[in-house]
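Given these sequences and hints, build the entire structure.
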Amino acid sequence: MGATRLALLLSGPLLLSGCSGNLKWYVVSPMTDAGRANLLFLLGGLKYTLLLSFTAIVISVFVGLLVALPGISGNRGLRACNRVYVECVRAVPILVLILWVYYGLPIVMGISVSVFWAGVIALALSDSAFEAEIFRAGIQSIERGQLEAADSLGLGYVDRMRYVVLPQAIKRVLPPLGNQLVYMLKMSSLVSIIGMEELTRRANELVTAEYRPLEVYTVLVLEYLVLILIVSSGVRWMERRMSDEER
Amino acid sequence: MSEPAVTSANHLTKRPLVVLDAVDKRFVDFAALDGITLSVAAGEKVVVCGPSGSGKSTLIRCINQLERPDAGMVWFDGVDLVAASSRDLRRLRTDIGMVFQQFNLFPHLTVLDNLTLGPMRVRGLSAREAEELARRYLERVHIPEQADKYPRQLSGGQQQRVAIARSLCMEPKLMLFDEPTSALDPEMIVEVLDVMGELAQTGMTMIVVTHEMGFARRVADRIVFMDAGQIVEDTRPETFFTAPASPRGAEFLDRILNH
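These protein sequence lines map, in sequence, to chains A and B. Under the working numbering, think of the first position of the first sequence as 1, with each following residue one higher. Under the working numbering, think of the first position of the second sequence as 1001, with each following residue one higher.
Honestly, the hints are just simulated from the structure, not real lab data. Bear in mind that the values here come from a model prediction, so they are computed numbers and not experimental data. By construction, the Cβ of each residue, glycine as well, lies at the ideal position given by its N, Cα and C atoms. Treat each hint with caution, since some may be false.
Said to hold, decoys possible - SDA-like cross-link-like pairs, simulated, lysine to any residue; straight-line CA separation at most 25 Å:
1. Lys1173/B with Gln146/A
2. Lys1149/B with Ile170/A
3. Lys1173/B with Gly156/A
4. Lys1149/B with Lys24/A
5. Lys1149/B with Ser243/A
6. Lys171/A with Lys1173/B
7. Lys1149/B with Arg160/A
8. Lys171/A with Asp1113/B
9. Lys171/A with Arg1121/B
10. Lys1149/B with Met242/A
11. Lys1149/B with Trp237/A
12. Lys1149/B with Arg241/A
13. Lys171/A with Arg1152/B
14. Lys1149/B with Asp159/A
15. Lys1149/B with Glu239/A
16. Lys171/A with Ala1071/B
17. Lys171/A with Leu1154/B
18. Lys171/A with Lys1149/B
19. Lys1149/B with Glu148/A
20. Lys1173/B with Leu174/A
21. Lys1173/B with Tyr157/A
22. Lys47/A with Lys1173/B
23. Lys1149/B with Met161/A
24. Lys1149/B with Ile142/A
25. Lys1149/B with Gly110/A
26. Lys1149/B with Leu50/A
27. Lys1149/B with Gln146/A
28. Lys1173/B with Glu148/A
29. Lys1173/B with Trp237/A
30. Lys1149/B with Tyr85/A
31. Lys24/A with Pro1247/B
32. Lys1149/B with Arg172/A
Said to hold, decoys possible - Incomplete in silico selection of chain A near chain B, CB under 7 Å:
33. Leu69
34. Pro70
35. Gly74
36. Gly77
37. Glu148
38. Ser152
39. Leu153
40. Gly154
See the structure below:
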């Protein structure tokens, strides 16, 4: 696969240059006990990166859909609500949103928010605006004739959406939806700032302990690279499967 | 509510199923329908013809309210559709089958699922009942063996027959056809027209927009000839084809029959 070749290509020169003595690969070498322990420590963050990203994307897809529907309604007020939400949420940087949800929301709401849920809420909130735009575009791309056929069968709004419009729209928005998932995996690294023990945070901690930033961060880069290549090929597989169904 | 009387002289005895009264429909600066008054009795087969842009499609789309008229009244089965609530309209629409030029089958559903969706979600049939019904109507349109295929695996003629079966599964009182063969290759037109002819023999009320004059002559009880948003002639097929009363009708026939 092209992806593996690319990873090898990137790591090859780095590993070789390590032989010259400038790089101390033993810090993350699977050959030594200490290196193995460090590697496992770094990989341990994967669980939280995945949990964080997938929880956030599931929530943001639902919120995004709920926000998209008023955006395509015939009612001007509902459409305005959609615009305000999308524009405002999109305007706030994710990092700022994470900080505000973690430090601000508990005070405003009078509740305590764990690091994990603060991260999930911030990521989901930020992403939901993009999801809403994706769904709106997807739904609007469905041909008028499909709606007319549904109407002439007497289907109501909910049935029409559920059985006619959304199944077709979701198929069409799968590629951008997959991109959002990849984006989410990358953005989850920002949650390290509030102390979430995901991939990036673990790497930061190891750098502090070992003082080998280049080696540790190289491993971090590879971790994200492999993770995202796997996820995007999964999305592509799903797209292919869904388009095969129709043939 | 008072029900308007049937205007057509030869159907005074029959109850009108559809009545349009002074219906206007404008698109921006263009009058698609201009004072349309038409009454169709239960069991009648009406073919609507006329040059393109004459308002034929708009006329039948007003009957099931895919287009809302700007003025006038549309009655179906004794109910004013223009004034009906959206809930009532939905219920009434299940009694009006519609076949589109572009078929408008649901591409993500198999033929069988296309047919059972309405009966299950709207008429409240069980999955088994709906499937039985669907298979019966697929038999009626002569493609029982295509039940598990997706629309795009079928030919245009087959797709249109599936679309007809889908509408029939709602067991409607009225079937509307909006140029059902205009998107088809010539060799597939016949199979669709045959199915429509068979349907006519069952006593179904049909309003058909078409350029197929052979079909009109064979099946129609009445020909409605439209031009510029108006009904120019509303007469029996033999009268229309042999002695059109209007110069516009004569000109249209000349162009369509002697090309």
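Hint check results:
Taken as a hint, the lysine 1173/B and glutamine 146/A pair is honoured in the structure, with Cα atoms around 22 Å apart against an allowance of 25 Å. With a C-alpha separation of about 21 Å, the suggested pair lysine 1149/B and isoleucine 170/A falls inside the 25 Å cut-off, and the hint holds. The suggested pairing of lysine 1173/B with glycine 156/A holds, with an alpha-carbon distance near 20 Å, which does not exceed 25 Å. Pair hint lysine 1149/B plus lysine 24/A does not hold up; C-alpha atoms about 61 Å apart against a cutoff of 25 Å.
Note on lysine 1149/B and serine 243/A: the hinted pairing holds, with a Cα-Cα distance of about 14 Å set against a maximum of 25 Å. Taking the CA atoms of lysine 171/A and lysine 1173/B, the gap is about 35 Å. The hint is violated against a cut of 25 Å. For the given pair, lysine 1149/B sits about 22 Å from arginine 160/A by alpha-carbon distance, which is consistent with the 25 Å threshold. For the hint pairing lysine 171/A with aspartate 1113/B, the CA-to-CA distance comes to about 18 Å; that is within 25 Å, so the pair holds.
The suggested pairing of lysine 171/A with arginine 1121/B holds, with an alpha-carbon distance near 22 Å, which does not exceed 25 Å. The suggested pairing of lysine 1149/B with methionine 242/A holds, with an alpha-carbon distance near 15 Å, which does not exceed 25 Å. Taking the CA atoms of lysine 1149/B and tryptophan 237/A, the gap is near 23 Å; set against the 25 Å cutoff, the hint holds. A threshold of 25 Å between alpha carbons decides the hint, and for lysine 1149/B with arginine 241/A the separation of about 16 Å falls inside it, so the pair holds.
For a cut-off of 25 Å, the pair hint linking lysine 171/A to arginine 1152/B stands: about 16 Å separates their Cα positions. Taken as a hint, the lysine 1149/B and aspartate 159/A pair is honoured in the structure, with Cα atoms around 23 Å apart against an allowance of 25 Å. With a C-alpha separation of about 20 Å, the suggested pair lysine 1149/B and glutamate 239/A falls inside the 25 Å cut-off, and the hint holds. Our distance criterion of 25 Å between C-alpha atoms is broken by lysine 171/A and alanine 1071/B, whose separation comes to about 40 Å.
Of the pairs offered as hints, the one joining lysine 171/A and leucine 1154/B holds, with about 21 Å between alpha carbons and a cut-off of 25 Å not exceeded. The hinted pair formed by lysine 171/A and lysine 1149/B meets the criterion: a straight-line CA distance of about 19 Å does not exceed 25 Å. Proximity of lysine 1149/B to glutamate 148/A is assessed by CA-CA distance (about 23 Å); at most 25 Å being required, the pair is judged to hold. A threshold of 25 Å between alpha carbons decides the hint, and for lysine 1173/B with leucine 174/A the separation of about 40 Å lies outside it, so the pair is violated.
This hinted pair checks out: lysine 1173/B and tyrosine 157/A have alpha carbons roughly 23 Å apart, not beyond 25 Å. A hinted pair counts as satisfied when its Cα atoms are at most 25 Å apart, and lysine 47/A with lysine 1173/B does not qualify at roughly 60 Å. For the suggested pair lysine 1149/B and methionine 161/A, the alpha carbons sit about 23 Å apart, so the restraint of at most 25 Å is met. At most 25 Å may separate the alpha-carbon atoms for a hinted pair to count; lysine 1149/B and isoleucine 142/A meet this at roughly 21 Å.
For the hint linking lysine 1149/B to glycine 110/A, the alpha-carbon distance of about 57 Å lies beyond 25 Å, and the restraint is violated. Annotation: proposed proximity of lysine 1149/B to leucine 50/A is violated, straight-line Cα distance about 38 Å (limit 25 Å). Proposed proximity of lysine 1149/B and glutamine 146/A is supported: the alpha carbons are some 19 Å apart, at most 25 Å. The straight-line distance between the Cα atoms of lysine 1173/B and glutamate 148/A is roughly 19 Å, inside the 25 Å bound, and the hint therefore holds.
Among the hinted pairs, lysine 1173/B with tryptophan 237/A is inconsistent with the structure: their alpha-carbon atoms are about 46 Å apart, more than 25 Å. A distance of roughly 42 Å separates the Cα atoms of lysine 1149/B and tyrosine 85/A; the hinted pair therefore is violated under the 25 Å criterion. Straight-line distance between C-alpha atoms of lysine 24/A and proline 1247/B comes to about 97 Å, which puts the hinted pair past the 25 Å bound. A hinted pair counts as satisfied when its Cα atoms are at most 25 Å apart, and lysine 1149/B with arginine 172/A qualifies at roughly 21 Å.
For leucine 69/A, the suggested interface contact is broken, since its CB lies about 17 Å from the closest CB of chain B, more than 7 Å. Restraint check, proline 70/A versus chain B: the minimum CB separation of about 18 Å is more than 7 Å; hint violated. Hint status for glycine 74/A: violated, given a least beta-carbon distance of 12 Å to chain B, over 7 Å. Taking 7 Å as the C-beta contact cut-off toward chain B, the hint placing glycine 77/A at the interface is violated, the least distance being around 18 Å.
Contact between glutamate 148/A and chain B, as hinted, is supported at the beta carbon level, the nearest pair being about 5 Å apart and thus within 7 Å. The closest approach between the C-beta of serine 152/A and any C-beta of chain B is roughly 4 Å, which is under the 7 Å cut-off, so the hint is satisfied. With 7 Å as the threshold, the beta carbon of leucine 153/A comes within range of chain B, its nearest partner Cβ sitting at about 4 Å, so the hint holds. Hint status for glycine 154/A relative to chain B: holds, with the closest Cβ pair at about 4 Å, below 7 Å.
Violation of the numbered hints given earlier is confined to hints 4, 6, 16, 20, 22, 25, 26, 29, 30, 31, 33, 34, 35 and 36; the remaining hints are satisfied by the structure.
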